[in-house]
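Protein chains: 2
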Amino acid sequence: MTVGLTLLRIPAPPLFSFTLLAVNAEIIAVGSELLTPFRADTNSLYLTEQLNLLGVEVVHKSVVGDDLKRLSATAEHALFRSAVVIFTGGLGPTEDDLTREAVAAALGVGLHRDEAVLSGLAQRFAARGWKMSPNNAKQADVLEGATVLPNPNGTAPGQWICGTFLGGQHIVILLPGPPHELRALFESECRDRLRTQLPPAFIATRVLKVAMLGESFVDARVSPIYKRYSEVRTTILAGAGEIELHFKSRAPSMDAAQARVDEVADAVEEELDDAVYSRNGEALEQIVGYWLQMRNATLAVAESCTGGLLAERITQVGGSSRYFLGGAVVYSNALKTELAGVPTDMIHRHGAVSREVAAALAEGIRYRCEATHGIGITGIAGPSGGTPQKPVGLVFHALASDGGTEVVERNFVGDRKRIRRFASTLALDMLRKELM
Amino acid sequence: MTVGLTLLRIPAPPLFSFTLLAVNAEIIAVGSELLTPFRADTNSLYLTEQLNLLGVEVVHKSVVGDDLKRLSATAEHALFRSAVVIFTGGLGPTEDDLTREAVAAALGVGLHRDEAVLSGLAQRFAARGWKMSPNNAKQADVLEGATVLPNPNGTAPGQWICGTFLGGQHIVILLPGPPHELRALFESECRDRLRTQLPPAFIATRVLKVAMLGESFVDARVSPIYKRYSEVRTTILAGAGEIELHFKSRAPSMDAAQARVDEVADAVEEELDDAVYSRNGEALEQIVGYWLQMRNATLAVAESCTGGLLAERITQVGGSSRYFLGGAVVYSNALKTELAGVPTDMIHRHGAVSREVAAALAEGIRYRCEATHGIGITGIAGPSGGTPQKPVGLVFHALASDGGTEVVERNFVGDRKRIRRFASTLALDMLRKELM
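These protein sequences, in sequence, are chains A and B.
Residues in the first sequence are numbered from 1 upward in steps of one, following this note's numbering.
Residues in the second sequence are numbered from 1 upward in steps of one, following this note's numbering.
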């Protein structure tokens, strides 16, 4: 395993000397479980992010089962297409773990059992008081010419091999499938190695996040701006009530790349004004938390149709107890009165789903919890419970503060999950705007 | 579009006459956005489930960008490997939508502009009062010999073509990328067509779900059982506190297939006893809801470290207002007293994270909400807030009912999200066992 460390200290000359030309990569996820309806390959999302930051474009992804012939054929196709080929999974001790054999066949190199890796495996088992079963030894099989990448979080080490294969210069990397092993190994063993082997890449990114505007509305407003910047790639991603704008640019220096993404991001932010809640990728829950702390304020919530989702989102943020006191989930009418102090006759007069009850929930929970801000949500998440006057998707959101109570009524479209998500996002965004 | 309907009425003879031999399929997801760090292909999970039920195995999945050469090369590789090839995405009106052209090139057939599809598109736009821009016309380009699959949810129709290509018999299907369009189109246009073209397949499935047991523990207990049944494929999937066991079998008749999966599922269920909470794939929240309704019982919850997650999970189930009254999220100590009636001196004496406070939360919220069952959760979700005596991951779960109050203490391993998920699952499972 010292081979790897030596290589890092005395970097090899870059394999790809064509400066600033994009290098192509592909990712092959190995494992029959990834060909079932139950498991998607998510490692490739992480790897794509990492490779993009190194100036490498991912041009193809495959999922292949534990089948030697299919796997080596896929490896060959990949080597014809792309300079960097990364395999994930199939490095374990079982008969189904065939990545080593398949890659060796595709590259036309042999495998040898590495004594250092083998004794490391034996030690690992011994340290836990376990006996190493013989099948584990195959995890010490190393591709001829490859560097072993130590895996502190699992038994199967990664492998790194670069050179000329199938008529082209290639970097081939074998990584274990479990995400936490793969990530740790990529960060400790692959990132710097790739950097020394690839043309220098200066890639800057920015993420803006926008709440409660439609995707087509946002695109119509901002596409005249981002289309002016051909050197910046803009991606728009839409979820329930939240839109992300990703900007990425590659330039001959980091300063130049950063200046480019900042220019377009700033122009887009100016156009969208206070709808932009996050300038560096933070979640809405985090931003609201920052503002509450900055204002030395506290929050309590009373939720009906969101059923705890708003509180759950707020408390996803570590340290949220500094500003979030808590609140009530008031599904039944009796609890709207008992926990949030909504007058019984108000519910009878206006119905539980009404502007008045939303306001009373916000004011009641604020008073009850002695918070500086109170949020109340009441609505019809469906699928049943709607009427012509009050259809599924109708939600009232109220925010009570020192200056008074604001209520926003909306008709959301979608299923139960989407309506609840929308409602919690709108309430958080009301609070954000109030705190600004 | 009548072509498709005619074909359905007069089914063609089966393309694959080799009865009961598994047919292989692969899925090619098209779109550069699927090669970014932000979007994973999930359509293939749905398609895999559907294909598996028709007796078709998915042996390869690919993701390719909007690049004509790469796309047609990938299509050719797929046609060499698999009898059924499904493309998703790349059927829209923009220059980047190249699936039609690429598949035509790979199959060696032409494309013609279909007048019926074109006028359907024009009508669709006219009905909304929009003018159809000229680029939309390319969505009417149809592969020579293909059947058009009408798409009621979008502008781009699907296509179906079967015959001998690249030396083998093939079914090639082009489906739109948006999941709701793809699903509706697969169900209305593809499922029956595939059934008539494929050897008859009788595949039965069963799913058992287990709470709060470790994956290796479950596997050690049940692998001696499922390994006896070579005709049933068993898959074990583990999440935070929940394990799913999937059983699948293919047999010459549906009764035989069902009998096989039932036999192994029943044997496994007997071995795991009451740890099995679901015999047909229902979520734990649903099962608890069934039991509460069956017992004519109601529930209220008081959550500290789970911050609303438990209430949110319970209310994900439509109609949960029939048995779930609501509860309190008591993040601050003051609210533990104010909303759930925990005595102040108890918190001082034992700390907010203690067996006593968990029990008082459960009892207090049960009393306050007049529920038949009360749940209290208090713990340390992290990442900060732990001490040597009360480390991150320590959670107390209490269930108060007529017969008294039960408290379970656990030390969960993992991050904030995982600890909160574990704690809410354990609490739900305590209630399930009590109701049984």
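No wet-lab data here; the hints were simulated from the structure.
One or more of the hints may lead you astray.
As the list claims (entries may be wrong) - When the alpha-carbon atoms are kept at most 27 Å apart in a straight line, the in silico BS3-like pairs for lysine-lysine are as follows:
#	chain 1	residue 1	chain 2	residue 2
1	A	Lys69	B	Lys390
2	A	Lys227	A	Lys248
3	A	Lys69	B	Lys69
4	B	Lys227	A	Lys138
5	A	Lys138	A	Lys69
6	B	Lys433	B	Lys417
7	A	Lys390	A	Lys417
8	B	Lys248	B	Lys227
9	B	Lys417	A	Lys227
10	A	Lys417	A	Lys433
11	A	Lys131	B	Lys227
12	B	Lys131	B	Lys69
13	A	Lys227	B	Lys390
14	B	Lys417	B	Lys390
15	A	Lys248	B	Lys69
16	A	Lys417	B	Lys131
Query raised in the report: When the hints from earlier in the document are held up against this structure, which numbers fail?
Result: 1, 9, 12, 13 and 16
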